[in-house]
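Asks: Heads up: the protein sequence lines correspond to chains Z and H, in order. Per my numbering, residue 72 is the first one in the first sequence, and the count goes up by one each step. Per my numbering, residue 72 is the first one in the second sequence, and the count goes up by one each step.
For the record, the hints were derived by calculation from the structure and aren't laboratory data. Model, not experiment: these values are computed from the prediction. The reader is advised that the hints may include incorrect statements.
Copies of the same chain are indistinguishable here, so a pair counts whether it falls within one copy or spans any two.
[Said to hold, decoys possible] Only pairs whose alpha carbons sit at most 25 Å apart, straight line, appear in this in silico DSS-like list of lysine-lysine:
id	residue 1	residue 2
1	560	525
2	108	525
3	175	87
4	109	525
5	161	78
6	181	109
7	205	168
8	183	87
9	109	531
10	565	525
11	265	399
12	289	108
13	560	247
14	109	289
15	168	540
16	507	539
2 protein chains.
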Amino acid sequence: MTLETVKNDFISHLNKISAYQEALGLIFWDLRTGAPKKAIEQRSEVIGTLSSEVFNLSTSDQMENYIKQLNEHKSELDELTVKMLEECEKEFNRNRKIPEDEFKKYVVLKSKAESVWEEAREQSDFAMFEPYLKELVDTTRRFVGYWGYEGNPYNTLLDMFEPGVTVEVLDEVFGKVREAIVPLVKGIEQSAVKPDTSFIYQQFSKDAQREFSLHVLKELGYDFDAGRLDETVHPFATGLNTGDVRITTRYDELDFRGAIFGTIHECGHALYEQNIDPALTGTPLSGGTSMGIHESQSLFMENFVGRHPEFWKRHLPSLKKFSPEQFKDVSVESFLSGINESKPSLIRVDADELTYTLHIMIRYEIEKGLFNGEYEVSELPDVWNRKYKEYLGVVPSNDAEGILQDVHWSGGSFGYFPSYALGYMHAAQFKNAMLKDIPDFDQHIADGDIAPIKNWMTEKVHRFGKTKKPLDILHEATGEGLNAEYLIKYLQDKYAALYDLEPVK
Amino acid sequence: MTLETVKNDFISHLNKISAYQEALGLIFWDLRTGAPKKAIEQRSEVIGTLSSEVFNLSTSDQMENYIKQLNEHKSELDELTVKMLEECEKEFNRNRKIPEDEFKKYVVLKSKAESVWEEAREQSDFAMFEPYLKELVDTTRRFVGYWGYEGNPYNTLLDMFEPGVTVEVLDEVFGKVREAIVPLVKGIEQSAVKPDTSFIYQQFSKDAQREFSLHVLKELGYDFDAGRLDETVHPFATGLNTGDVRITTRYDELDFRGAIFGTIHECGHALYEQNIDPALTGTPLSGGTSMGIHESQSLFMENFVGRHPEFWKRHLPSLKKFSPEQFKDVSVESFLSGINESKPSLIRVDADELTYTLHIMIRYEIEKGLFNGEYEVSELPDVWNRKYKEYLGVVPSNDAEGILQDVHWSGGSFGYFPSYALGYMHAAQFKNAMLKDIPDFDQHIADGDIAPIKNWMTEKVHRFGKTKKPLDILHEATGEGLNAEYLIKYLQDKYAALYDLEPVK
Numbered sequence: 072m073t074l075e076t077v078k079n080d081f082i083s084h085l086n087k088i089s090a091y092q093e094a095l096g097l098i099f100w101d102l103r104t105g106a107p108k109k110a111i112e113q114r115s116e117v118i119g120t121l122s123s124e125v126f127n128l129s130t131s132d133q134m135e136n137y138i139k140q141l142n143e144h145k146s147e148l149d150e151l152t153v154k155m156l157e158e159c160e161k162e163f164n165r166n167r168k169i170p171e172d173e174f175k176k177y178v179v180l181k182s183k184a185e186s187v188w189e190e191a192r193e194q195s196d197f198a199m200f201e202p203y204l205k206e207l208v209d210t211t212r213r214f215v216g217y218w219g220y221e222g223n224p225y226n227t228l229l230d231m232f233e234p235g236v237t238v239e240v241l242d243e244v245f246g247k248v249r250e251a252i253v254p255l256v257k258g259i260e261q262s263a264v265k266p267d268t269s270f271i272y273q274q275f276s277k278d279a280q281r282e283f284s285l286h287v288l289k290e291l292g293y294d295f296d297a298g299r300l301d302e303t304v305h306p307f308a309t310g311l312n313t314g315d316v317r318i319t320t321r322y323d324e325l326d327f328r329g330a331i332f333g334t335i336h337e338c339g340h341a342l343y344e345q346n347i348d349p350a351l352t353g354t355p356l357s358g359g360t361s362m363g364i365h366e367s368q369s370l371f372m373e374n375f376v377g378r379h380p381e382f383w384k385r386h387l388p389s390l391k392k393f394s395p396e397q398f399k400d401v402s403v404e405s406f407l408s409g410i411n412e413s414k415p416s417l418i419r420v421d422a423d424e425l426t427y428t429l430h431i432m433i434r435y436e437i438e439k440g441l442f443n444g445e446y447e448v449s450e451l452p453d454v455w456n457r458k459y460k461e462y463l464g465v466v467p468s469n470d471a472e473g474i475l476q477d478v479h480w481s482g483g484s485f486g487y488f489p490s491y492a493l494g495y496m497h498a499a500q501f502k503n504a505m506l507k508d509i510p511d512f513d514q515h516i517a518d519g520d521i522a523p524i525k526n527w528m529t530e531k532v533h534r535f536g537k538t539k540k541p542l543d544i545l546h547e548a549t550g551e552g553l554n555a556e557y558l559i560k561y562l563q564d565k566y567a568a569l570y571d572l573e574p575v576k
Numbered sequence: 072m073t074l075e076t077v078k079n080d081f082i083s084h085l086n087k088i089s090a091y092q093e094a095l096g097l098i099f100w101d102l103r104t105g106a107p108k109k110a111i112e113q114r115s116e117v118i119g120t121l122s123s124e125v126f127n128l129s130t131s132d133q134m135e136n137y138i139k140q141l142n143e144h145k146s147e148l149d150e151l152t153v154k155m156l157e158e159c160e161k162e163f164n165r166n167r168k169i170p171e172d173e174f175k176k177y178v179v180l181k182s183k184a185e186s187v188w189e190e191a192r193e194q195s196d197f198a199m200f201e202p203y204l205k206e207l208v209d210t211t212r213r214f215v216g217y218w219g220y221e222g223n224p225y226n227t228l229l230d231m232f233e234p235g236v237t238v239e240v241l242d243e244v245f246g247k248v249r250e251a252i253v254p255l256v257k258g259i260e261q262s263a264v265k266p267d268t269s270f271i272y273q274q275f276s277k278d279a280q281r282e283f284s285l286h287v288l289k290e291l292g293y294d295f296d297a298g299r300l301d302e303t304v305h306p307f308a309t310g311l312n313t314g315d316v317r318i319t320t321r322y323d324e325l326d327f328r329g330a331i332f333g334t335i336h337e338c339g340h341a342l343y344e345q346n347i348d349p350a351l352t353g354t355p356l357s358g359g360t361s362m363g364i365h366e367s368q369s370l371f372m373e374n375f376v377g378r379h380p381e382f383w384k385r386h387l388p389s390l391k392k393f394s395p396e397q398f399k400d401v402s403v404e405s406f407l408s409g410i411n412e413s414k415p416s417l418i419r420v421d422a423d424e425l426t427y428t429l430h431i432m433i434r435y436e437i438e439k440g441l442f443n444g445e446y447e448v449s450e451l452p453d454v455w456n457r458k459y460k461e462y463l464g465v466v467p468s469n470d471a472e473g474i475l476q477d478v479h480w481s482g483g484s485f486g487y488f489p490s491y492a493l494g495y496m497h498a499a500q501f502k503n504a505m506l507k508d509i510p511d512f513d514q515h516i517a518d519g520d521i522a523p524i525k526n527w528m529t530e531k532v533h534r535f536g537k538t539k540k541p542l543d544i545l546h547e548a549t550g551e552g553l554n555a556e557y558l559i560k561y562l563q564d565k566y567a568a569l570y571d572l573e574p575v576k
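For reference, chain Z alone in the conformation it holds in the complex:
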């Protein structure tokens, strides 16, 4: 068999995996957006069949052969094939190192744990979830043993979501960010400025919120010929292929922020996936390069575009058209002051821009401690509450608003949370670099002319998909490695202005 034939067979094999994943993506989207409830039982079987097939195709002897044969001629291969090969090899090694029966048990455990978590959260009863969480942590610890690690066992988990980022890196940047945020939070607490937020909690019809969301999406460059907007309990974006990247949002008729900022956030994710080079379609390279870079795109859109003062100078008038009574007497200034109110709170997903990162740090420290052997699962509620007291000055009154609030751990996702904060730092760093190429950034926002901003991101980030590693993208786009200073500076300037604080030198 010639190398060309092996390569073509390998790519067909990858196309097949990608086709099954696309079908799975549609099934998940459908389950969340409106599949009838009696569909679920049999649909789960379909998910099981397709997922097993993906797993089998990714870990088969055939895949092993492709990897072996192509590695023998790596120097003769084109760059794209090399990237695909490396991606597959990584996945293959990760999966093949786990004994098959343990992996199967783990899949079953995750699916059970998720439904137990749901129940436990409803009843606010950590004890109910505890044995499952323990089992998940134990299994993950064992898997890390199979996979191996450098420096710190938790590094291996971090690497799955943010290749190249380690405990050492995170400790440093999180330390800096924390050092900057804590005085800001204190300053705000003591500030005489008390934003009027009463305009937020007023009737704003769902239909009108949707209309406004669509209006904003168009301006941000979301391509409706390659996507659609639906409603779900938990908003998300899903890229089925680059021509079909769907977003969802949720509508609270007594608090429009969830829908508007949620939509803009998901739009950032969607712009990433819509603008990946179509040549990568059908390969494992057609997707975001990491969770952190993905989150940088959504947070960039949400915070650096969607909360920009010029954005609301432009859009408050149209908001007034959609809900005239509500915004009648609201000025741009009081609008910005209201939507940017910062207040320590218990629930991560409802947190403001400033305190959000503290929520992430708490989870990071707990996860790190779990895999370092510092904490055991049984201590977690105490650790959680202690850290909330320490970082945010608030203490959950029950498990539901504390340790049980997030779904991630029930799905075995350890190492994922830090990406949220990393994404935030990346976003600020991209913004800073972008200003050099687009010095009239503010004017573009004021004019609703987002194309140059979107195009910059496509040029520097989107189009590469997974062909570049996250830290390489960051470096090539901004000229440096991970740097928390841009986020810190942004938060300091923003909140000093909003709350009339002493500017930080």
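Mind docking chain H on chain Z? Use the hints.
Replies: Below, chain H without anything else, positioned relative to chain Z:
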């Protein structure tokens, strides 16, 4: 390997095929209900991959082995396994008899022919479509050669959609029906009764039509926990699994009939699929037993329930709530007279209950002639126009409203059309048998108490899925074979009353 093991492996194999088919079903539903247009290119690849997999699994050496091994012990197998085996064997033999390269060419040809047909219909240009239709007919003739036939080559095609029904049967029943309909059509033409249909063509908002449709669906027993109603250009019902049977309808704000009767029609299909024995889920037996029986369910709901005078005595008041101006001065009698207007027309899908069957007969005679060697493709527009003149007294002024109006042939579906008329006959025959068990049928409709009617159909038809052959279902439910008399009597009585005709003795 024990027989038990072979059987279990066989069933797992079938579950896998079923899972892929369910995923495909969802993909098709999604493409029709709202997938963004740029999704299509890559989604087609996904369809190709999954369809090939289904084809491969159905025709693989492994399938051949299962069939061989199970057939050797057929007498030791339970009834359900025997049915599955027979179903798979039929499919296997049909597909394996066609040389692989010819089959592949055929798949490509069909997909090309469909888009050419669309273009040709738009331009009303049969010449554009002719070479593709010729190729499709030639290929199908060759396939019939591989498959073999009894009596008439067209029988083999009929058997694919309506097992057990032959040209001999159809010639007889269609002859009788035609003999009865033609004088009715003439009588109506000469009748002094001219229904007032002006109330139909008035503004009826889409939202209100949808609300009314949902209202009716609930009453008919459609389970919304196992389905949903969406909007498409061409209405359809699709059973993904028995817990997820979706229907679609279309809304014309200046003619409510399409939405209302379309919804009721698709509801009939959906009730069939929702009420198949769940034990058959994941096997090839979980589906309608034939096109004709499926159509009997939709036409039963549409015509025998949805056009029942008692149905409208009950529902006209709620219709008046949904569109007050439109129906303000419309009595039940004039409503029924208007919606049941019969008038020869050119387009099958817009035809009334009485003339519909004539449209089907024309297509039947053309198809039969094509596979008998009586007609060549090039003659079809002439044959078509001549037959429309003869049967309906109207002549298309162009190909778009004549020979090019239906999609079926462009997809290679020859032998499908007669099912529509058979379904109509079955429906009338079921109704007649049902009356013996539910003599107060009319009262149930008047009370909106449809459950006993639906349950009768579930008991006699739905639950069996494909475990019984269509003619067996018909015979067991009605005590006799296909009998056109019930439909004839129904049409004679109905139109005599509506148009004040001499009753037929």
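Asks: Determine for every hint whether it applies to the structure shown.
Replies: Hints, one by one, checked against the model:
1. Taking identical chains as interchangeable, the C-alpha atoms of residue 560 and residue 525 lie at most 25 Å apart only when both belong to the same chain, with a minimum of 23 Å there against 69 Å between chains.
2. In this assembly of identical chains, the alpha carbons of residue 108 and residue 525 lie at most 25 Å apart only when taken from different copies (22 Å versus 39 Å within one copy).
3. Proximity of residue 175 to residue 87 under the C-alpha cut-off of 25 Å is found in both arrangements, the shortest distances being 22 Å within a copy and 18 Å between copies.
4. Within a single copy, residue 109 and residue 525 get their C-alpha atoms only as close as 41 Å, which misses the 25 Å cut-off; across copies the closest is 20 Å, which meets it.
5. With identical chains, the CA atoms of residue 161 and residue 78 are at most 25 Å apart within one copy only, with a shortest distance of 18 Å there and 38 Å across copies.
6. For the homomeric pair residue 181 and residue 109, the shortest alpha-carbon distance inside one copy (22 Å) is at most 25 Å, but the shortest distance between copies (35 Å) is not.
7. When the C-alpha separation of residue 205 and residue 168 is checked against a cutoff of 25 Å, the pair qualifies only within one copy, where the shortest distance is 22 Å, while the shortest distance between copies is 57 Å.
8. Taking the closest pair of Cα atoms, residue 183 and residue 87 come within 25 Å of each other only across two copies (23 Å); inside a single copy the shortest separation is 29 Å, beyond that limit.
9. For a Cα distance limit of 25 Å, the shortest separation of residue 109 from residue 531 across copies, 24 Å, qualifies, whereas the shortest one inside one copy, 45 Å, does not.
10. Taking identical chains as interchangeable, the C-alpha atoms of residue 565 and residue 525 lie at most 25 Å apart only when both belong to the same chain, with a minimum of 23 Å there against 65 Å between chains.
11. Taking identical chains as interchangeable, the C-alpha atoms of residue 265 and residue 399 lie at most 25 Å apart only when both belong to the same chain, with a minimum of 21 Å there against 58 Å between chains.
12. In this assembly of identical chains, residue 289 and residue 108 lie within 25 Å of each other by CA distance solely across copies; the values are 17 Å between and 33 Å within a copy.
13. For the homomeric pair residue 560 and residue 247, the shortest alpha-carbon distance inside one copy (11 Å) is at most 25 Å, but the shortest distance between copies (88 Å) is not.
14. When the C-alpha separation of residue 109 and residue 289 is checked against a cutoff of 25 Å, the pair qualifies only between copies, where the shortest distance is 16 Å, while the shortest distance within a copy is 36 Å.
15. Taking identical chains as interchangeable, the C-alpha atoms of residue 168 and residue 540 lie at most 25 Å apart only when both belong to the same chain, with a minimum of 23 Å there against 51 Å between chains.
16. In this assembly of identical chains, residue 507 and residue 539 lie within 25 Å of each other by CA distance solely inside one copy; the values are 23 Å within and 73 Å between copies.
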